[in-house]
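Generate the whole structure from the sequences, applying the supplied hints.
These protein sequences, in sequence, are chains A and B.
Following this note's numbering, the residues of the first sequence are numbered contiguously, the last one being 346.
Following this note's numbering, the residues of the second sequence are numbered contiguously, the last one being 96.
Hints may contain errors.
[Claimed, not checked] Heads up, simulated SDA-like pairs for lysine to any residue below, C-alpha to C-alpha not over 20 Å straight-line:
| id | chain 1 | residue 1 | chain 2 | residue 2 |
| --- | --- | --- | --- | --- |
| 1 | B | 7 | B | 47 |
| 2 | B | 7 | A | 254 |
| 3 | A | 95 | A | 105 |
| 4 | A | 130 | A | 105 |
| 5 | A | 176 | B | 27 |
| 6 | B | 2 | A | 278 |
| 7 | B | 2 | A | 181 |
| 8 | A | 317 | B | 6 |
| 9 | A | 176 | B | 35 |
Rather than coming from a laboratory, the hints here were simulated on the basis of the structure.
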Amino acid sequence: MNENNSCCCSSDDCCGEQPIKAVSTTLSRKDILGAWRMRWGIGRMDYTVEPGLYAVGKPDNDSPVFVSANYKLTFDTLRKNLDGLNCWLLILDTKGVNVWCAAGKGTFGTDELIHRIETSELSKYVSHKKLVLPQLGATGVSAHEVKRHSEFDVHYGPVRASDIKEYIDAGYEATKEMRTVQFNLWDRLVLTPIELIPALKYTLPVFGVMLLANQFAAKPFDKTDILSDAGAVIAGSVLTPVLLPYIPGNAFAMKGWFLGLGCTVGILGISGKLKKGSALLSAGHLLLFPAISSFIAMNFTGASTYTSPSGVNKEMKTVLPFIVGAIAIGAALTLGAHLFGRRKTK
Amino acid sequence: MKHRYLKNVTTLAYSKEKCVGCKKCTEVCPHGVFDIKEKKARIIDRDSCMECGACALNCPASAIEVNAGTGCALAIIMGWFTGQEPTCGCSNSGCC
Chain A
1 MNENNSCCCS
11 SDDCCGEQPI
21 KAVSTTLSRK
31 DILGAWRMRW
41 GIGRMDYTVE
51 PGLYAVGKPD
61 NDSPVFVSAN
71 YKLTFDTLRK
81 NLDGLNCWLL
91 ILDTKGVNVW
101 CAAGKGTFGT
111 DELIHRIETS
121 ELSKYVSHKK
131 LVLPQLGATG
141 VSAHEVKRHS
151 EFDVHYGPVR
161 ASDIKEYIDA
171 GYEATKEMRT
181 VQFNLWDRLV
191 LTPIELIPAL
201 KYTLPVFGVM
211 LLANQFAAKP
221 FDKTDILSDA
231 GAVIAGSVLT
241 PVLLPYIPGN
251 AFAMKGWFLG
261 LGCTVGILGI
271 SGKLKKGSAL
281 LSAGHLLLFP
291 AISSFIAMNF
301 TGASTYTSPS
311 GVNKEMKTVL
321 PFIVGAIAIG
331 AALTLGAHLF
341 GRRKTK
Chain B
1 MKHRYLKNVT
11 TLAYSKEKCV
21 GCKKCTEVCP
31 HGVFDIKEKK
41 ARIIDRDSCM
51 ECGACALNCP
61 ASAIEVNAGT
71 GCALAIIMGW
81 FTGQEPTCGC
91 SNSGCC
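Listed below in structure tokens is the structure:
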């Protein structure tokens, strides 16, 4: 992180006044690599900056104050978009979680904001009483409660940091566009690694069991099984997020099931299993693998920006019995087809 | 392309009588659920509500109520098992 402590002494608290850390608006190669690491889930729970007050450019007591979270990916996105501005950053302790998720948990919240205004001695640095919060912080912060306890006025800025300059130029007014959460192709694409990796982790034991079973004489599984399983995982965790608005249905489980079905039929078709008339095996695969995709796709509700808990609850209560049933029957049929089929050819 | 989730599920409730017309709900809603007409808020896109709770928390007149929470399948499943409120507190999955 780029910070210059202007304080002369090595210990932090020896200079009477707390040193304000200066923030650069350009990201270093290390910051960019760090962002990639986060997207792949490496050390994701420990990527933080210290909470407190930071200076961008040369702010004075009239400069705006932007409030944000102490997840470094959030902090970097914000400072990158403040190039050329003189302003203050008040960073809350959100335990290294982004603004929206932290607001949902309450760590980006009214109490923490009031506490941080006090501990950072913000009133010493600015003469106005205006804070600009990211709009998504509103899930955890109650503007009128902050006003009551700290005298500071909470203004909700745009959803995206990239709109901040336009927001300032418009006299601290956000357009409807700035107020609306997007979930475009790029937003969804960057989330796929973090969906794929846990999905692989959970299905790895399945591959393990298949390979282990193949060590015995019967050799129950072949590459179509393994390929179909991998296909189902990718259909649910990568293809569904990427193609989300284009897949029919509203429920994520349905979207995942459609793509899983497409994938399974494709793999069965290419392997020639459909033609060879292995009806039992085909039925097994068609039950099992789309259900796996469906389950994984449903998990993407958590990463999406528009699903309500009531909706997800309803979706799960409706589809989970089918998913569990289809996986159990499908797995039994697949296994049965292999064992039974093999014995017949011997 | 606007994303659409399940219809008629949100717990969002709004009282026009209590509304003071401060516009805070239109400011905080990330999905344009509210707008202002004749100095009062009104719901214009109910099915886009994701129950994040920002409107209710920032309504100084307590005119809005919603069962706020996280719309995350994994969190809700964990909630069923642990018997607690679902939170997006997963340490190793992609839910936040």
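Here is what the structure says about each hint:
| no. | hint | in the structure |
| --- | --- | --- |
| 1 | 7/B to 47/B | holds, 5 Å |
| 2 | 7/B to 254/A | holds, 15 Å |
| 3 | 95/A to 105/A | holds, 11 Å |
| 4 | 130/A to 105/A | violated, 24 Å |
| 5 | 176/A to 27/B | holds, 9 Å |
| 6 | 2/B to 278/A | violated, 42 Å |
| 7 | 2/B to 181/A | holds, 10 Å |
| 8 | 317/A to 6/B | holds, 13 Å |
| 9 | 176/A to 35/B | holds, 10 Å |
In summary, the numbered hints that this structure violates are 4, 6.
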